Amino acid sequence: MTSDLRGRIGTALGQDRVRANIRRAMDGLVVKRRNAFADAGELGQLRDHGAAIRSAAVANMADLLEELEQNCTANGIQVHWAEDAAQGNRIVAEILDRQGADLLIKGKSMVSEEMGLNAYLEARGVEVVETDLGEFIIQHAGEPPSHIVAPAVHKDRQEIAALFRSKFPNDLPAGPEGEGIEALTNAARGLLRAKFAEARVGLSGVNFAVAETGTLCLVENEGNGRMSTTAPEVHIAVMGIEKVVARLEQVPPLLTLLTRSATGQPITTYFNMISSPRRLGEKDGPEAVHLILLDNGRTRMRADAELQDSLRCIRCGACMNHCPVYTRLGGHAYGTVYPGPIGAVIEPQLQGVAVQGELAWACTLCGACAEVCPVRIPLPKLINRVRHEGVRSDVSGSGVLGTGARRKSLEALVWRLWALLHAHPSLYRAAMGLAARLRWMQPRRLGPWTRTRSAPRLAPEGLHRLVREEGIDVE
Amino acid sequence: MPDSVSGAAKVYVFGTCLIDTLFPQAGLCAMRLLRQAGVRVVYPQDQTCCGQPAFNSGYRDEARRVARAQLDAFPEDLPIVVPSASCGGMLRVHYPTLFAGTPDQGRAEALSRRVYELSEYLVRVLDWSPQDLGPQVRVVVHNSCSARREMGVADATLALLGRLARVEAVEPERATECCGFGGTFAVKQPEMSAAMAADKADAIAATGAEILLGQDCGCLLNLGGTFAHRAASGQGAGPRVLHIAEFLWERIHDQ
Chain A
1 MTSDLRGRIG TALGQDRVRA NIRRAMDGLV VKRRNAFADA GELGQLRDHG AAIRSAAVAN
61 MADLLEELEQ NCTANGIQVH WAEDAAQGNR IVAEILDRQG ADLLIKGKSM VSEEMGLNAY
121 LEARGVEVVE TDLGEFIIQH AGEPPSHIVA PAVHKDRQEI AALFRSKFPN DLPAGPEGEG
181 IEALTNAARG LLRAKFAEAR VGLSGVNFAV AETGTLCLVE NEGNGRMSTT APEVHIAVMG
241 IEKVVARLEQ VPPLLTLLTR SATGQPITTY FNMISSPRRL GEKDGPEAVH LILLDNGRTR
301 MRADAELQDS LRCIRCGACM NHCPVYTRLG GHAYGTVYPG PIGAVIEPQL QGVAVQGELA
361 WACTLCGACA EVCPVRIPLP KLINRVRHEG VRSDVSGSGV LGTGARRKSL EALVWRLWAL
421 LHAHPSLYRA AMGLAARLRW MQPRRLGPWT RTRSAPRLAP EGLHRLVREE GIDVE
Chain B
1 MPDSVSGAAK VYVFGTCLID TLFPQAGLCA MRLLRQAGVR VVYPQDQTCC GQPAFNSGYR
61 DEARRVARAQ LDAFPEDLPI VVPSASCGGM LRVHYPTLFA GTPDQGRAEA LSRRVYELSE
121 YLVRVLDWSP QDLGPQVRVV VHNSCSARRE MGVADATLAL LGRLARVEAV EPERATECCG
181 FGGTFAVKQP EMSAAMAADK ADAIAATGAE ILLGQDCGCL LNLGGTFAHR AASGQGAGPR
241 VLHIAEFLWE RIHDQ
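Order-wise, the sequence lines are chains A and B.
Numbering-wise, the first sequence is residues 1 to 475 according to the working numbering.
Numbering-wise, the second sequence is residues 1 to 255 according to the working numbering.
Keep in mind that the hints were calculated from the coordinates and are not lab data.
Keep in mind that a hint or two might mislead.
Stated by the list, open to error - Here are the simulated EDC-like pairs of lysine to aspartate or glutamate, each with C-alpha atoms no more than 20 Å apart in a straight line:
id, chain 1, residue 1, chain 2, residue 2
1, A, Lys32, B, Asp61
2, A, Lys408, B, Asp61
3, B, Lys10, A, Glu470
4, A, Lys381, B, Glu109
5, B, Lys10, A, Glu411
6, A, Lys32, A, Asp16
7, B, Lys188, A, Glu127
8, A, Lys32, B, Glu177
9, A, Lys195, A, Asp102
10, A, Lys167, A, Glu212
Said to hold, decoys possible - Covered by chain A, according to a simulated footprint, are these stretches of chain B (three or more residues, beta-carbon under 8 Å):
id, region
11, 17-28
12, 53-60
13, 102-110
14, 174-180
Only a predicted model underlies this, so the values are computations on that prediction, with no experimental measurement involved.
Cβ coordinates follow ideal geometry from the N, Cα and C atoms, glycine included.
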């Protein structure tokens with residue numbers, strides 16, 4: 001039986017244009033990152049530092065969140081706790097209702113994708129406008145992001161031009177000029193300007209939240225984040241609770257790790273530090289700032305001593321940029337908000353191993369992701385663990401959602417027999433000797449393996465016998 | 001050179017199940033090389049498999065059962081030389097995890113510290129310099145992901161080949177990228193595995209090298225199988241595919 005994931009991967013492998021777009025973009029990002037970290041020694045130290053900051057933050061998450069709430073509140077930021085996506089969505093809707101707003105402008109936020117916020121609000125009659133250019137493109141294409149940093153990276157300029165021509169024919173110059181990057185960007189800018197002026201509520205994500213000062217840090221390149229958080233009367237920030245860090249001095253190392261790992265930039269064009277609503281005498285900024293702290297399974301993830309390492313993630317996307325599976329597919333084939341190696345670890349934890357555990361199989365355990373992770377998340381080790389959680393028989397002591405749900409009796413039996421054979425040397429030797437004698441019976445076809453490869457052939461004599469003939473000491 | 005010198009090093013060889021059943025010549029050549037380098041070799045007959053297939057498939061109880069048999073099979077405090085970086089990585093890196101909190105934890109940790117990949121042992125421990133007796137040849141090296149990242153021996157393999165006077169060793173484009181084998185990955189995601197193998201085979205073929213070398217028989221099974229399938233379906237002959245041990249043994253012998 002072909003699994004869902006395998007089917008989606010098969011489909012994605014057939015999409016040559018998307019594959020070429022993704023691969024070209026990922027190759028570019030890999031080079032940019034490499035150039036941004038020219039000094040291997042410095043990179044190693046920075047990663048150690050980043051990992052230490054983030055793992056300490058995860059370890060003290062509960063206390064840091066309380067401190068963050070106190071300091072944000074003292075600064076005039078209204079803090080809301082959301083147990084799950086549904087509660088997070090309701091809080092956003094209530095704020096919009098209180099403002100009497102039926103328009104929400106958004107800076108890029110993966111947590112809002114996790115919440116399914118756009119669909120929820122649109123069903124309630126709210127117009128949602130994505131203002132990040134990539135998010136703007138895919139919103140109008142009716143697609144989810146294919147990458148956590150570069151959401152429209154699977155589309156090339158020609159596709160975007162065709163999309164804009166069909167959606168905004170009056171905002172583009174006629175002829176080939178209208179397909180240029182400048183014309184396309186100008187069209188989006190013009191459309192978005194009007195929305196920035198009109199909207200009374202703006203929403204953004206949060207890259208780091210500083211507990212000791214109650215500061216929300218927002219990294220972006222287009223200025224849309226600043227517009228979304230300052231032009232409207234109300235700013236709503238949504239963040240996963242793991243984004244908290246203890247001290248302000250920890251932000252610079254994390255920031256440089258983030259921007260260099262993500263896009264190879266020494267610093268992004270904009271870096272916003274939001275500490276309060278508009279104060280008396282200030283000329284701009286929102287009148288109210290709300291912070292929604294979304295749990296959605298993170299407290300459960302935190303409870304596992306090994307898997308909690310995945311909460312260190314700063315969402316740079318380097319793991320997927322370097323993943324041989326992701327770079328051949330793009331994010332859509334994963335079917336989840338978070339794709340790639342980090343997705344294969346956190347989605348099964350967020351949604352449960354029964355639902356998303358198969359993602360751990362979109363991986364060869366090659367280790368390219370762990371090699372670049374700026375906060376040293378041991379991704380292959382955690383992916384292996386997710387596989388284990390899927391099929392383990394004794395689930396006592398596991399807090400992972402859906403643990404054991406992927407165990408199938410036939411597969412388990414095969415592994416039990418395999419273990420029996422390989423845990424008993426004399427049985428193994430006898431079986432391998434027999435197999436070698438019966439090698440003429442070997443099939444020429446071995447399922448999908450032999451569609452593109454020849455079948456492996458058993459050797460007439462195994463190494464256990466050959467060493468004896470060679471006179472090697474066998475003890 | 002005598003195969004055992006008094007006071008000379010003595011090592012275990014862990015042959016791996018893949019080599020035992022499919023590529024025994026690679027294992028045999030590895031042992032011949034070690035003996036040529038003056039090392040006493042012991043190949044315990046009670047060895048089977050490192051347990052990696054089950055471990056990477058999530059079946060940790062089964063992996064532990066098989067791994068425990070290896071702890072029993074290599075009892076003496078001797079180096080364990082493995083002609084496979086992937087199995088070597090399992091023994092060195094994952095055994096301590098697999099046995100953590102069990103009565104065998106100490107034994108597993110002790111064993112993990114004794115593990116060497118073959119070229120690593122030849123270059124870094126023995127500082128072995130082979131005499132190259134073969135003709136001038138260009139080879140392409142596929143360093144496995146385990147060799148490169150888990151065991152950190154990709155440079156040792158290249159250094160070893162660099163010591164052969166008439167061998168030019170190159171790596172393919174995108175050398176650091178996985179060939180798509182991934183053990184049970186090839187079974188669970190065969191389409192992706194095949195796509196990755198095809199790209200790697202293309203990059204290898206583009207080097208024009210006559211011989212493809214690797215430390216890992218999993219990768220060689222994947223890539224050699226891909227080239228053999230291409231040859232059988234009229235898509236041209238690929239390079240000859242050899243484990244480094246077989247190649248080295250050929251080179252130090254008059255052919």
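Each hint tested on the structure:
Proximity of Lys32 of chain A to Asp61 of chain B is assessed by CA-CA distance (about 43 Å); at most 20 Å being required, the pair is judged violated. The suggested pairing of Lys408 of chain A with Asp61 of chain B holds, with an alpha-carbon distance near 15 Å, which does not exceed 20 Å. Simply put, Lys10 of chain B and Glu470 of chain A have alpha-carbon atoms about 17 Å apart, close enough for the 20 Å limit, and the pair holds. A hinted pair counts as satisfied when its Cα atoms are at most 20 Å apart, and Lys381 of chain A with Glu109 of chain B qualifies at roughly 18 Å.
Under the criterion of a C-alpha separation no larger than 20 Å, the hint pairing Lys10 of chain B with Glu411 of chain A is inconsistent with the structure, at around 41 Å. The hinted pair formed by Lys32 of chain A and Asp16 of chain A fails the criterion: a straight-line CA distance of about 24 Å is larger than 20 Å. With a C-alpha separation of about 42 Å, the suggested pairing of Lys188 of chain B with Glu127 of chain A is violated against the 20 Å cut-off. With a C-alpha separation of about 18 Å, the suggested pair Lys32 of chain A and Glu177 of chain B falls inside the 20 Å cut-off, and the hint holds.
For the given pair, Lys195 of chain A sits about 12 Å from Asp102 of chain A by alpha-carbon distance, which is consistent with the 20 Å threshold. Taking the CA atoms of Lys167 of chain A and Glu212 of chain A, the gap is about 46 Å. The hint is violated against a cut of 20 Å. Counting residues of the region 17-28 of chain B whose C-beta lies closer than 8 Å to any C-beta of chain A gives 10; at least three are required, and the coverage claim holds. With 8 residues having a Cβ less than 8 Å from any Cβ of chain A, the region 53-60 of chain B passes the three-residue criterion, so the hint holds.
For the region 102-110 of chain B, the proposed coverage by chain A is not satisfied: 0 residues have a C-beta within less than 8 Å of a C-beta in that chain, short of the threshold of three. Residue count for the region 174-180 of chain B with a Cβ under 8 Å from a Cβ of chain A: 4. That meets the three needed, and the coverage hint holds.
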